[in-house]
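Student: Residues per chain are reported as follows:
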Amino acid sequence: MAAQVAVPVPQQEASPLELRREWYGWQWLATVDHKKIGIMYIAASLAFFLIGGFEALLVRTQLISPLNTFLHPDLYNQVFTMHATTMIFLGVMPMSVGVGNYVVPLMIGAADMAYPRLNAFSFWLFFFGGIFLNLSFVMGGAPNTGWFAYAPLTERPFNPGTGPDFWLLGLQLLGIASIAGAVNFIVTILKMRAPGMTFMRLPLFTWVTLITSFLIIFAFPSITIALILLMFDRLAGTSFFLPSGGGDPLLWQHLFWFFGHPEVYIMILPAMGIVSEVLPVFSRKPIFGYSFIAYSSVAIGFLGFTVWAHHMFVTGLGEIANGAFATGSFLIGVPTGVKIFNWIGTLWGGSLRFRTPLLFACGFIANFIIGGISGITLASPPVDFQQTDTYYVVAHIHYVLFGGSIFGLFAGLYYWWPKMFGRFLNEGLGKAHFWLQMVGFNLTFFPMHWLGTEGMPRRIYTYFPNQGFELWNLVATLGSYLLGISILIFVVNAFLSARRPAEVVPDNPWEAATLEWSTTSPPPAHNFDAVPVVYSRYPLWEDRDPEGAHGATAPRTNVDAVSHPADDVAATGEGEQGAHQGGAAHAFHLPNPTIFPVILAFGLVLIAFALLFAPPVLKITFLVSGLVYGVVSVYGWVRQVSD
Amino acid sequence: MERPHPAQPVPHGASGVPGTHAAPSPEAGHPGAGRYVLVFIVLFIITAAEVAVTYFPEIPQLPALMTMAVLKFGLIAAFYMHLRFDSRVFSAFLMLGLFLAVGMLLSFLALFTAHYREPYEPVVEQTQPGTGTPAVGTSAVSGATGGTTGGVATPMAGR
Amino acid sequence: MAVVTRGHGEPLAQSPTGLESLDVRKLGMWAFLGSECVFFGALIASYFVYRPLILAGDPKPHEVLGINFTALLAFILLISSLTMVLALNAIQHDRRRAGAYWLLATAVLGTTFLGGQAYEFTKLAQEGVTLSSGIFGQCFLVLTGFHGTHVFLGVIWLLACFARAMRGGFNSGNYIGAEIAGLYWHFVDIVWVAIFTLIYLIP
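Read top to bottom, the protein sequences are chains A, G and U.
The numbering used here numbers the first residue of the first sequence as 1 and each following residue consecutively.
The numbering used here numbers the first residue of the second sequence as 644 and each following residue consecutively.
The numbering used here numbers the first residue of the third sequence as 803 and each following residue consecutively.
Quick caveat, the hints were computed from the structure, so don't treat them as lab data.
Here the structure is a predicted model, which means the values were calculated and not measured.
Check before you lean on any hint, since a few could be wrong.
Stated by the list, open to error - Label pairs and their in silico Cβ distance ranges:
1. A:L67 <-> U:L955: 48 to 58 Å
2. A:P157 <-> U:P1005: 28 to 38 Å
3. A:V314 <-> U:D860: 28 to 38 Å
4. U:L955 <-> A:S625: 19 to 29 Å
5. U:L955 <-> A:Q467: 52 to 62 Å
6. U:L874 <-> G:R678: 17 to 27 Å
7. A:W28 <-> G:A721: 44 to 54 Å
8. G:A721 <-> A:P157: 47 to 57 Å
9. U:A927 <-> A:W28: 46 to 56 Å
10. A:A47 <-> U:P1005: 48 to 58 Å
Don't be surprised by glycine CBs; every beta carbon is placed ideally from N, CA and C.
Could you put together the complete structure from these sequences and hints?
Tutor: Spelled out as structure tokens, the structure:
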């Protein structure tokens, strides 16, 4: 049966990287295929990641020496704000979503996401929202208030430009995209699992995607409200966060961090899931403490909602509140530590293959331990009073978001690349990428711990020669250039892999255990020729050596195809179900490509522009056209669904 | 809390077919029209009682009103939204959202009232940038107006 | 936890909650409604953070908000919830025409509610309570305005359902479209139950 699944179907589809045939544009613009959407997510987030990285290099270049005048101070503010906003909302988050989009349906044996059109809508709204945010640079100034946009600095009296408007409207669009995507993931994972794929057999990456999606649907409404109130302040003359009108700027911080703290887990959990997939494969042994990893992810997600005010110790919450929030923050160290021990336990005694994905996964663990420990120090109010708004915090956030999330995501990209494109990334270049990135990363961000402890404030655009900041700023900047080179190596690697002649990548080149490796590389449009039936947590491993005989170099899969209802009845004693499944497998038809999600997303962006523009003519033009696009596309969409 | 009922064993998902399965028979879960009208009458009475309570200050308003609101809430969710007859998974979504919303409301109330904070000083429109606090705001505010040389001087001004 | 088998367990078994029998669209709707809970929770929390200021300000809420009028609005929404479940009930029993008309009645009642809210906002504006008039005006209008926006979207959705029902698009085997519209509608009603108590009634 295994062989059946593995047989490559004669398929017309070219590798997604071959963009030469006929006119591919339509196939991508109108696609509802989760694999294509996933690839578009990854490509777009990599592009935004490069932009954000370029902005980071600008920031570091400005700080290379004291009293540097490389950047105008105002531009500096815009650049560091957009660097953070881009990396968080347009880089790390969508890259996790993209990997999840590609991998999760395959992992659970589904043919697509639960709502393929909504999936396309989420992507296009994210993509247009990202462009909208970046257009601010050429349309009157980018946001310049830092990524958490503390009121009242964002209010009109203090910030009359359009920067904050771009920021709040852009984030509103991205929030809608995220919530729609998260609902999609939740329903997909709850409903579309292959027969036998119980929660305790879910791959861990799918587990964390589910938890992340719950975090998104419950955390994003908070920032939605914060942005709405800010929008009313800026555009309608209210004063929710303006003390002169009776408002309270502190409310912004609470609303923002009620979202903002779950947000950091939204960014780190997928990377943790990727690492939990990569480690067992390259250690050739099952993950150590599967259920501990799954449940500690749940615990992290839950605790993540109880600790938001640890970002606000210096606002004067009072001892009781500080103590409570500090306690919660320390508590989060427990499930996180559990996971780290589980990962190390997975490596321990494993038969390690130090391929690039494993290198990145190990880099993740090492860096994340450092970031986690600096996080524990910051959870203590007295320490936080000293370190807040210094480079110590900058070091911490980069150790968890870059050293953690980005390293984890690169592990995932190297790991799933052959599945996505049917080609490997070059191993030598991959190793060079890893080591340069590892060295560059630590060179850039480790000195920031010292800079922060010495008192260098974050977001300051220059410093004086005699303050003791010169050496480590210089080192950090040089390290950041190394980082830039390492990312370039990855880009070159990606292009080379696309240019190389097509190779025949086996279904399961890494000898991995999860379902996505049981189909072809890249998978056909319908993913699986027959719905797989899952009997264990490691469907492609468990049967590897059933009789204790050797010679299992090419592992037999333990994936049943449900195309044989009779077998199924015998195996499960649930004839009805099996027959139903078998019938359904062939009844499934993928939705047709549709352009309406793109149009709807575009209409929403036009409405955002309408809110942004002051001249009435522009405002009305954009509003009306946005509404027309919206109405037409919703109508067409509904017609398609109900047909 | 994000635990999507891991204790419930085997939901073999529906094989990736959104439309084809399910459609449970209508009578299976949903009560009849008579029950709906009955629920409405109860809701009507509670609402009238809510308004009536506000005319009698001697009744402890907060507990009485909150009890009745929770009752109405529960009735609508249980009967009109069918949660009483539907899967507990649906209830779980509502309860999670409610739990967070109520938790947020209560903790905000506590955070904003339990600890005395100095009132904000009246803000003069468009304060002179760059002379404020040296931490977060400085660079951003100063950047808004400061020229190159003015901007360089900023950190010193804060000091 | 019988399923935590790592070896060759049973692939299929019936789960007590029946995740496998849940409708995909309904599940998505409930996930969205869970999210909406936090949305309105944050809005109401913002109102309550400013409540001491609102009560100290001028005009005071209870001076300008008419409880009796709002109770009427609450009744209208409650009735619309009743007509909504009756519509679903009729559709499920293949009384299509009745289902369609109950849907229309629900939409009309929703529109009546919106009209009442518009009247209330106008009256408040005459008494000097606007978005920029102070802390009470902005908190109250944004909170109830966003509820009104939800009602507005619900009315459009209900009208679409009505059009579909008139074409015979719903029947006893295919009613999920109407049911999820109903879920959204009842949720909007539930939010009004909360707002009515928390904003209007509590002294």
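Student: Against the structure, test the hints numbered earlier, and report the numbers of the ones violated in rising order.
Tutor: none
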